[in-house]
Structure formats: structure tokens, C-alpha cells
Amino acid sequence: MKFLILLSHLNILLTMDIVVDGITKTYGQQNAVDNLSFRVKTGEILGFLGPNGAGKTTTMKAITGFLVTNKGDITVGGISVNENPGEIKKHIGYLPEHNPLYTEMPVIDFLAFIAGLQGVNKQDIEERVAEMVRVCGLRTEKHKKIRELSKGFRQRVGLAQALIHDPEVLILDEPTTGLDPNQIIEIRELIKRIGREKTVILSSHILAEVEATCDRILIIHNGKIVANGTAEELRRQARGNEMLIVEIGNSERNDAYRALSYLPSVELVDFADQSDNLFSVHSQYRQSSVKPIFDMCVANGWFLKQLTPVETKLEDIFREVTKN
Amino acid sequence: MNLRGEIYSEIAVSILFHFQKILIMKQIMMITRRELQSVFDSLIAYIMIVVFLALSGLFTWLYGSDIFYVNQASLQSFFSIAFWTLFFFIPALTMKQIAEESRSGTIEILLTKPVSEWQVLWGKFLATLILIGIALLLTLPYYFTVWSLGPVDHGAVWTGYLGLLLMSSAYISIGIFASSLTKNQIVAFLLTLFIGIFFHLIFGFLAAQMSGLTGTVFNYLSLSTHYDSITRGVIDSKDLIYFISIIFLGIISAEAILVKRTVN
Chain C
1 MKFLILLSHL NILLTMDIVV DGITKTYGQQ NAVDNLSFRV KTGEILGFLG PNGAGKTTTM
61 KAITGFLVTN KGDITVGGIS VNENPGEIKK HIGYLPEHNP LYTEMPVIDF LAFIAGLQGV
121 NKQDIEERVA EMVRVCGLRT EKHKKIRELS KGFRQRVGLA QALIHDPEVL ILDEPTTGLD
181 PNQIIEIREL IKRIGREKTV ILSSHILAEV EATCDRILII HNGKIVANGT AEELRRQARG
241 NEMLIVEIGN SERNDAYRAL SYLPSVELVD FADQSDNLFS VHSQYRQSSV KPIFDMCVAN
301 GWFLKQLTPV ETKLEDIFRE VTKN
Chain E
1 MNLRGEIYSE IAVSILFHFQ KILIMKQIMM ITRRELQSVF DSLIAYIMIV VFLALSGLFT
61 WLYGSDIFYV NQASLQSFFS IAFWTLFFFI PALTMKQIAE ESRSGTIEIL LTKPVSEWQV
121 LWGKFLATLI LIGIALLLTL PYYFTVWSLG PVDHGAVWTG YLGLLLMSSA YISIGIFASS
181 LTKNQIVAFL LTLFIGIFFH LIFGFLAAQM SGLTGTVFNY LSLSTHYDSI TRGVIDSKDL
241 IYFISIIFLG IISAEAILVK RTVN
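For the record, the sequence lines run as chains C and E. Anchor point for the first sequence: position 182 equals 182 in our numbering, and the numbering is continuous, going up by one each time. Anchor point for the second sequence: position 85 equals 85 in our numbering, and the numbering is continuous, going up by one each time.
It should be emphasised that the hints constitute simulated quantities derived from the structure, not laboratory data. There may be inaccurate statements among the hints.
To be verified - Where chain E lies over chain C, by a calculated footprint (3+ residues, C-beta under 8 Å):
1) 58-68
2) 89-101
3) 104-113
4) 117-129
Here a beta-carbon is modelled for each residue, glycine too, at the ideal position from N, C-alpha and C.
Using the sequences provided together with the hints, build the complete structure.
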């Protein structure tokens, strides 16, 4: 029996999936999180998107065991946060929103303190701190007090304290707020590099960032999931139809219009501009008109000046799913 | 499963359990160390010790009902002045302990590590108690000086120090409780004084005004009653139970408030 328990603990080390199962969190009358369920697989970086007050931070705090939910449970690697929060905390590295730090402490003292709390062996602490200083690029600042650091370096200290015990799970609440573009790219690269063999949840309101860093995107609104999938899938979901801008040379405007409309894969053709032979072409659901348009032009002896797919921007999807 | 296997696994589990207990103590000590580091780094500790020594030294040796005025080789005058200086110093030390962590959000860093509210609170309690202990240790020269002046009741001196430590522990615990109620240090400071003054003065005052059962109850609640009886050289279990109850009541209430904050 005890052997089995030991075995299950070993199993934890192999897979560290986060399973959020129907959690509800109520503040007064309002549901901050409403019967939310999702799953994050080991090795996956999940981007958590949503307008302010959507319940991102609440969900993340619940996973780390800092908040207790009213309903539902969360398991990390099979361990329940309701039943055994102490055990879960050992496996999670957490960067809270606004990155609170003991500003009166020097960087390496602070990191050593956190390492101790996380149960890193005494003889390994120095090595782990040195490793974190190296990985997070804190070498020049390591003896300074945290209050003397710039915002970018503070953010790195926050990330270093989250990573100090080499956790299997990383929860990062807006890791790049307040950084300049160079720093954002650096931190993003760091997260990507570290995130390969870990389970990562990252919240942000910068859409481009989530798209660049994350394998999968979860958009929540009013405590509920409104979109879930890769950036590509979300685009397809939001606009199932392909849209092309087509410009055709040496043809009569109305001929071209008619020819385009007769193509079987085309649903709708619009004049994109009054003067030129510029059209916007909407394809039928799940069909592509690129090749038929090309073939049609060849058959008529026309030439294509332009054939541009119009991408739905993630911003549009975000706006669409989170409007009231 | 055979018996031997059962026994071995039983032993393994008990060792693990024991190890976990050591770990709990270890984490309390880590919190304590950081806390002490922070007060010594920020000069608060030095200022507190110097002012405490200056004030208690002044009233023990030079001014008011000092040792020469009383004309007895006893530290009674020191104990009665320390009773008041510590009453004001302790809230100043405890006021930031939880309030500042809540305000800056670092409490979230702590409580998302494998550390319980209980360990955090005891770690902070211990840090302040150690600081008070250091301040009291530095008053030992008073004791040796008085000793050289005449015959001293050594028992009364040691119980006097014990009384100061117990009283300090009680006010530290109340201070930590007050600090956990608010994000504002000043509010925490005033609240500690407000709660403290009941134990320090008002209960004793009420006990003197009333007779019968209510008088006895207030007399028992008054901290100075118990402090006086200990500094007089009598260690009664009744007094010890009183102090230990206040200490635990304060820390347990503070824990309840911290836990409630995460539930809400």
C-alpha cells in the first residue's frame, strides 16, 4: 500500500498536468470565476487572456493555493489543492501580479531566503542562487538591494524567485508589465526556453505577446471561458471563411467581377475600391479560392497584380468574444 | 505483506513524519532570521535598543524613584520602568510585521511557498522576542553593579527578568494580532496600544474599583497583577498559564485572520 503511494509520488514527477475542475469563486454577490474548467498539459505554455477583472488573477491565485475557492477543485500532478496545498506549493513557481518583493533585501539574500523556504537543501542553495543569477541575467545587480533596481531587473528577480527550486509548474501573472520592448523580448525568450519541459500558465493583456510565447490561448470573460485553442484555431473559429484581396490587371472591371462570382468556391465578391480592379473575395466555409482564382485568370489571359489573404487579427477575436 | 516489511515501512513513515516536524521548525527559524536581518539592517533595532537602555538607565540610576532614592540593593525600580518602556516599544516593533507584508503584497510570496500562516506568525513572534531578549541582556550590567553595592535578592532579579520576557511575549502576540488586522502600520501601532492599555492599566483599575466576583475577574485579567507577583519572586503556575494563554490567543487570532483573508 505504502509502496503504491510512493509510486504515485514518482508518477507526479513525470507528469505535472494542471486540471482545473469547475471552480467558482464569489466576492460578495459577484462571481469572479464561474464554474471554470480547463486543463494544461506538461510541456505546454498556456496563455491566459481576458479583460481586466475577468478572473485571470483569481484563477491563478486559486491554483497556487493562496485563495480558497467556493466550489470545485484544482489538481496539479494529481494532487488536490483543497486537500494538500502544502505539497502542491513545492512544485509551483509563482510570480504574483505586481511582483511584490522584500525591497530592503539584497538580491542574493532574497533569493537564498526563498530557496530555503522552498526546501532547497542548505548545501545546494548557493549553487541554485548562482544559477538563477546567471539564467536571469542579474550578475551586475546581485549585491544591490532590490529597491535600487530598475523595474526590468526587479521583474527578473521575481522570475528568479519563482524558478529557484526548479519547479515543474510555473504560474506567471503578467510577467512583462512595465517593461520596455527589449526587456519584454528578453523575458519572453527566457520563458520560452524554460517552459519547454514545464507546465506554464502565463497571463497577459498584450495579445501579440501571448501569440508569440504560448502554445495555446485561453480567453476568459466574466469568469467563463469564451475561447480556447491555438492562435491559428481561434482565427479559424472567429472567421471560418477565407478572405482574399484580389487585384486583376488588363481586364474589364465587370468581367472580372462576374468571373470571380461564378467560381464555385466563392461566396461573395465585393468591390474593394471604386477605381481599380480591386476586389475582396469571401470564400465558402472551409474552402480556399486561391487556386481557382489563379486558374481562372490564366484561362482568361488576365494577370494577377495582387492576391493577399486577409488575416483576422487576434485583437478582433478578443474584442468579439469579450464584448458584453 | 509480511510483518517485517510492515515494520520497516512503519519506521520509514515515522522518520519521514519526524523529519517533517524538524522542517517546520526550520521554516520558522528562516522567517525569524529574515525578520531579524531586516530590523538590524534598517537601524530600527539599534535605535530601539539604545533608547530603551537610555530611558531605563535614566530612571534606574539618576531620576525619580531611582536606586539611590530607594536606597536598597534591588532592581525593583528598573523592573517598574521597563514595564512601561517595553509597553510602548513593542507595538513599534510589531506594527509593520504583517501590515507591511499585506500592503506591499509580499505576504503572497510567503504564503504561496510551502510555509503555513502558523509558521510565518511564530517566526515573526520569535524574531521580536529575540530582539527584546538582546535589549534585556544588555541591562545585565545594572544587575552586576547593584550586586556590588550590596546584598541582592538574586531570585527576585531572575524572576523579574522572566516577568519582563513573559510580558513582552504577551504584547508581541497582541501586536502581531493587531498588525494582521490592517494594512496601515500606524493603525496597527495604535490598536496594539489600545488593546494593551486594558491589560496594562484598565483591568487593574477596574479591579480596584469593584468588589466580589467582577473584581476578582478583572484582577485576574490585569496583566500587571501577574507581572507584579512574578517580579516579587514567586513563579505561580496561575501566572504562567495567564501569559501563555494571551500569547496563544493572539497568534491563533492572527492566524484566523490571515486564513480568512485567503478564503474571502
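Please count how many residues of the region 104-113 of chain C have a CB within 8 Å of a CB from chain E and say whether that reaches 3. holds (count 4)
Quick check: the region 58-68 of chain C, covered by chain E? Criterion 3+ residues, Cβ under 8 Å. Since three or more residues must qualify, the claim that chain E covers the region 58-68 of chain C holds, with 6 doing so at under 8 Å.
In terms of beta carbon proximity below 8 Å, does the region 117-129 of chain C have 3 or more residues touching chain E? That given contact holds, which follows from 3 residues of the region 117-129 of chain C lying within Cβ reach (below 8 Å) of chain E.
When I compare C-beta atoms, does the region 89-101 of chain C have three or more residues closer than 8 Å to chain E? holds (count 8)
Going down the numbered hints, you'll see the structure goes against none, and every one checks out.
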